[in-house]
Amino acid sequence: METIINLSAISKKFANRSVLKGISFSVKRGESLALLGPNGAGKSTLLSILQGLRRANEGNADVFGHKTGSSAAMAKVGVTPQDADFPPQMTPRELLGFAGAHFSDPEHVGSLVTAFGLEKLVDRRTGGFSGGERRRVALALAFAGRPELVFLDEPTTGLDTGSQAMFNRYASMFIANGGTLILTSHNLHEVFEYVCDRIVMIDDGEIVADGPISAIRDAVGARQIRFRLDDSSQCPDERFQRDNGYWCGVISDVEPTLRRILHDNQSASNLTVENLPLDEAIALHRAADAH
Amino acid sequence: MKQVLAHFVLQARVLLRLPGYWVPAVIFPAMLFSFFGVSSAGDPQRSAFAMASFCIYAIAGVAFYQFGAGIAQERETPFDVWSRTLPGSRLPSLIAKIATASLFGLAAVGMVIAAAFAFSSQPSTLPNYCSWPACAPSRPYQPR
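Here the protein sequences come in this chain order: A and B. For what it's worth, the working numbering labels the leading residue of the first sequence as 1, then goes sequentially. For what it's worth, the working numbering labels the leading residue of the second sequence as 1, then goes sequentially.
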């Protein structure tokens, strides 16, 4: 399949701080990729280089075979801003019309309004919108020019579950029609809910993992399980340790482990399953790599 | 051309829906002229000079906001950053900015001329006002 993004040894410094340290990867048409990393990892800087908003200090980046940010490249690209902050005097219909005017074959405003659930908001000024409503307008703007490639910076920040599902549906349809999607997130487990098929994990300006979502999920998608047992009971699984009266463990195969615990220990109570924070997941992944 | 029109419509809409902008930019020059400039209506040269001065003040006010504070503020907004990712150069935005500034500048000047006409006690004063730009280079204003 055709490669549409090519990044080669991209480095970026702000003052004396290296934000990106030799990032290289490529993206093929039809891929949906999540750039994942904790706050300050460099994913938004990388995205802004791909969008032509910043220049790399070193390395090469091209989109659709053109220099990043050039008109030829951006004519096929849709972008959602990280901060969904629009002129408060404008309505979503006017903003979508404005964005569409920059493309040769814009999407029909009505279909975007329906797809992102903006029917009641479309002729209201954005000044009175909630964070989630603004985010929905921002997402719709990215698709206003019928792009072939879409960059979404933390697309579901502030969205309720219904709106997230709406976004996932539209993104799935976009990918099924041959579109390419690149999004950023700092939430590991949220990314598993997205439509992505590949994750590039960035930490401290470097790629720490790059692979299919299933492989990353197995490698770093572990969850923390905590439960209580009667004092006399002995935990059957050596991966759990005692902590303040609870048994705690970081487990990758959550479902079979839970089944076994509940089957073997009738007295198990206060059971909780929590997502592992991203920094711990990255540390776990690095430790696994070191072994 | 489509992009210039899109930027012009967006900028004009934003400014028209912002009374904090157009009241001081469009109405204040005419209002101040009616307070301080109309008193010179009896003397054609003085009245023409007063009107021209307020017209320049009107244009300078619009230009200062649009090209000074306006551009500086816009460059910091997430919307402006996002609009830089749209295809095309910055030229359509600049042309649209000049066009909107011209529109609001003309409106402000029009208001000053309308005030000059409306508040003048002598019907013949409007031609006097309007004759000032033509005769100004050869007849510099001499305060009495």
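None of these hints come from the bench; they were simulated from the model. Take these hints with a grain of salt, some might be off.
Straight-line distance between alpha carbons at most 25 Å, and here's what the computed SDA-like set of lysine to any residue pairs gives [what the hints assert, rightly or not]:
hint, chain 1, residue 1, chain 2, residue 2
1, A, K13, B, R84
2, A, K28, A, A72
3, A, K13, B, M1
4, B, K97, A, K28
5, A, K76, B, A60
Structure versus earlier hints, numbers of those that do not hold, lowest first = As far as the earlier hints go, 3, 4 and 5 are violated by this structure, in ascending order.
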